[in-house]
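As given, the protein sequences belong to chains X and W, one line each in that order.
So for the first sequence, the working numbering puts the first residue at 325; every next one is plus one.
So for the second sequence, the working numbering puts the first residue at 0; every next one is plus one.
Relax, there's no trap hidden among the hints.
With a cut-off of at most 30 Å between alpha-carbon atoms, the simulated DSSO-like pairs for lysine-lysine come out as follows:
no.: 1; chain 1: W; residue 1: K120; chain 2: W; residue 2: K443
no.: 2; chain 1: W; residue 1: K169; chain 2: X; residue 2: K385
no.: 3; chain 1: W; residue 1: K443; chain 2: W; residue 2: K324
no.: 4; chain 1: X; residue 1: K503; chain 2: W; residue 2: K21
no.: 5; chain 1: W; residue 1: K443; chain 2: W; residue 2: K326
no.: 6; chain 1: W; residue 1: K184; chain 2: X; residue 2: K503
no.: 7; chain 1: W; residue 1: K169; chain 2: W; residue 2: K138
no.: 8; chain 1: X; residue 1: K385; chain 2: W; residue 2: K384
no.: 9; chain 1: W; residue 1: K384; chain 2: W; residue 2: K273
no.: 10; chain 1: W; residue 1: K266; chain 2: W; residue 2: K384
no.: 11; chain 1: W; residue 1: K21; chain 2: W; residue 2: K203
no.: 12; chain 1: W; residue 1: K120; chain 2: W; residue 2: K433
Some chain W residues flagged as far from chain X (calculated, every beta-carbon gap over 10 Å):
no.: 13; residue: S61
no.: 14; residue: E77
no.: 15; residue: D108
no.: 16; residue: L141
no.: 17; residue: S142
no.: 18; residue: L149
no.: 19; residue: P246
no.: 20; residue: K273
no.: 21; residue: P299
no.: 22; residue: L314
no.: 23; residue: T315
no.: 24; residue: D417
no.: 25; residue: Q439
no.: 26; residue: I444
no.: 27; residue: D466
no.: 28; residue: T482
Selected chain X positions facing chain W (in silico; Cβ < 10 Å):
no.: 29; residue: D357
no.: 30; residue: L363
no.: 31; residue: L375
no.: 32; residue: S487
no.: 33; residue: D602
Just so you know, these hints were derived from the structure itself, not from any lab.
Note that the coordinates shown come from a computational prediction; the quantities given were computed from them, not determined experimentally.
Even for Gly, the Cβ is constructed at its ideal location relative to N, Cα and C.
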Amino acid sequence: MLRYALKRLGSLLISLIVASLVIFFTLEVVPGDPASFMLGINAQPETLEALREELGLNATKAERYLSWVTGLVTGDLGISYTYRSPVSEIVAERLVISLPLALYALILTVVIAFPVGILAATKRGSLTDVAVMGGTQLGVAIPNFWFAMIMVLIFAINLRWFSAGGFPGWDAGFLVAIKALTVPAIALALPQASILARVMRSSLLDTLSEDYIRTSRAKGLTKRQALRRHALRNALIPVLTIIGLQLSFLLAGAIIIENVFFLPGLGRLVFQAISQRDLIVVESVVMLLVFAVIVVNFLVDLAYVWVDPRLKDRT
Amino acid sequence: MNHLLLGTVTAAALMTGAAIAKDVTVGLQLEPPHLDPTSAAAGAIDQVLYSNVFEGLTRFGSDGSVNPGLAESWDISEDGLTYTFNLRAGVKFHDGTDLDASDVVFSLDRARAEDSVNAQKALFANIVSVAAQDDTTVKVTLSKPQGNFLFNMAWGDAVIVAPESIETIKSNPVGTGAFTFADWKQGDSITLTRNDGYWGTPAKLDGATFKFISDPTAAFAAMMAEDIDAFYGYPAPENLAQFEADPRFTVLAGNTEGETIMAMNNKLPPFDNKLVRQAVSHAIDRSAIIDGAMFGYGTPIGSHFAPHNPAYVDLTGNSEYDPEKAKALLAEAGFADGFTTTLKLPPPSYARRGGEIIAAQLREVGIETEISNLEWAQWLEQAFKGYDYGLTIVSHTEPMDIGIYARPEYYFQYDNADFQKLIAELDVENDPAKRTEMMQGAQKIISEDYVNAYLFQLALTSVVSSDLNGIWPNAPTQAVDLTAVSWAE
Chain X
325 MLRYALKRLG
335 SLLISLIVAS
345 LVIFFTLEVV
355 PGDPASFMLG
365 INAQPETLEA
375 LREELGLNAT
385 KAERYLSWVT
395 GLVTGDLGIS
405 YTYRSPVSEI
415 VAERLVISLP
425 LALYALILTV
435 VIAFPVGILA
445 ATKRGSLTDV
455 AVMGGTQLGV
465 AIPNFWFAMI
475 MVLIFAINLR
485 WFSAGGFPGW
495 DAGFLVAIKA
505 LTVPAIALAL
515 PQASILARVM
525 RSSLLDTLSE
535 DYIRTSRAKG
545 LTKRQALRRH
555 ALRNALIPVL
565 TIIGLQLSFL
575 LAGAIIIENV
585 FFLPGLGRLV
595 FQAISQRDLI
605 VVESVVMLLV
615 FAVIVVNFLV
625 DLAYVWVDPR
635 LKDRT
Chain W
0 MNHLLLGTVT
10 AAALMTGAAI
20 AKDVTVGLQL
30 EPPHLDPTSA
40 AAGAIDQVLY
50 SNVFEGLTRF
60 GSDGSVNPGL
70 AESWDISEDG
80 LTYTFNLRAG
90 VKFHDGTDLD
100 ASDVVFSLDR
110 ARAEDSVNAQ
120 KALFANIVSV
130 AAQDDTTVKV
140 TLSKPQGNFL
150 FNMAWGDAVI
160 VAPESIETIK
170 SNPVGTGAFT
180 FADWKQGDSI
190 TLTRNDGYWG
200 TPAKLDGATF
210 KFISDPTAAF
220 AAMMAEDIDA
230 FYGYPAPENL
240 AQFEADPRFT
250 VLAGNTEGET
260 IMAMNNKLPP
270 FDNKLVRQAV
280 SHAIDRSAII
290 DGAMFGYGTP
300 IGSHFAPHNP
310 AYVDLTGNSE
320 YDPEKAKALL
330 AEAGFADGFT
340 TTLKLPPPSY
350 ARRGGEIIAA
360 QLREVGIETE
370 ISNLEWAQWL
380 EQAFKGYDYG
390 LTIVSHTEPM
400 DIGIYARPEY
410 YFQYDNADFQ
420 KLIAELDVEN
430 DPAKRTEMMQ
440 GAQKIISEDY
450 VNAYLFQLAL
460 TSVVSSDLNG
470 IWPNAPTQAV
480 DLTAVSWAE
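Looking at chain X on its own, in the form it has when it is part of the complex (with noise of 0.2 Å):
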């Protein structure tokens, strides 16, 4: 288990280093000026080289990197250009609400998906399976953005029970800031709480077809029985894979359904910066990004092998 764990951590590092790179150079190339963007088109040619010269533009390109490079092991992420502040408070402030969004609205998905999946394959061919996977086929269908709207219209606009969007800060109280979520939670969960119902039916059917599920039947066990203790465990490696997908989804794709929200979260927070050229936010949150997805991906390759020991000796 250990070596199966250092093995994925050194590609896990090389994964880190390859990409620090391409995020950086990708990003240089992008034309467009920091300093022209804050100081619009009335702006002084002196004024501007003033401005670079703060912001440490007119450093050369390896420069750059390297002291990009060493800010982010050492855990500074820079100053950023626009907001003249460090990057790490912003991206700080931003994540205790893309966070808790994106746990918030998995958390929905696998509490959606698992037992609909579950009902579904169990009754295979009934009414119940079809409506399941009518309903699913529509989730996965339907963009989330124009169901987000749907439910503003409905709960915000006419019922008045959730107010259209914004988030009120957590210290103002658990309660508050949860239910300011959960509109955009669920608009977030519903897609993907379809998706993962219909991968978790599928892989279950498929266990349920296995020798050893007839072999425990053809022992006594009922069909439930069978399907608690043999079927699902073995369903999981798929449904585990879909998950760590949407986890890294939901933490860096929410971009939409914060704007729908206007809830300032990560996403936003790298739209707007693209489009300020605030190079340095942009470059430090998708590093961060990456080593989440790249952190959950190692997460989900260790709960395969917990899931099913077999996996340690094939890779």
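Given chain X, work out where chain W should sit, using these hints.
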């Protein structure tokens, strides 16, 4: 006993007063990058802070007039070179320190310093020296007379800041205004509270929250759900009719300082030929653009000047919509079969929507355009700095900016010695009547030279709760001045 009774009555009166005054939540599309109006061009900084938190020597009124601000009065020397400002006594910054002449000296010297990063450094270019005479008197000496010096000092980029708080101004702005900065939830909102020690008429509101909502659909939802009381510069004109029909809301349609133009690259053939520029101007139907791209909001213009300015001349007649004339002019210029050029569009909807309509109109007279949609940073790099464009659409939102036509290196590369001379003379002219005459002359020159195609004055549309009074309908500068805003009783 009497004293006690009186005290109770006063307290009760104060309490009812407090019950009437309420908070307000104002929606804005863009969030300020930081909170220092003197070191960035971002209009959002001024929208939140100008007049509310920071004040200058002079200040803009809602009609664009220049009024006394921190300077209660001033004397201008005969030769127009010396301005002596008399500061108000007893003005305090929000951190409790006194405002005195040394703060003014500090602020102006900082803005014009060699390493200054002030986005409008040109405003201070003529200042030779700033000196404190005594605690409340400041003498500013100019290198040459400057007719619009008091106007310049009213800009958000010229507000008075204190050396004690300058280090942290970007996150904790300390000014002298009627509101004190309270909190900034980055990405979400900025909160201000009333400054009870304000030197002037105190604000009627207890406080204000600016909430940043960039997505037009989200702005609609927030307004409809009454999460916010007013949306200043409402981003989706297509919904305005719906708000107008709803008794809960009032729609304010006002003017901005934004001359929306289709700029032409005056040094790039064929636009170096005046006949071609004239043809382009006649090929454009402004009313179709205003209706199609702006849902009817916007005033046609024929030069680079705001229609609400007293010195405005209506010159739209110089470039009336006349496709036949445009074709004839093109033929005269040697382009009977038309030509192909680029049309580069920055992100705002006036440019993106307007660009599609203009492209169709130009096609009618034989001019083909290759449209490319650019982000602002790309636009600044390619079109603005690199002169790499044929046509582009931009709204110039700075007030009184006709002087940019006197800068031959400016992105439309217009180089006319007569115009440059006129602007130089205007700069040093103090007589109002002569100034008006000169400004009118300047409008005519660029209109008759067809430097750019002048489209419309950008409208400002705001949606406001019907019970809220005092939101400025017009935007003489990019500010949401809340000092006089109040709720109906």
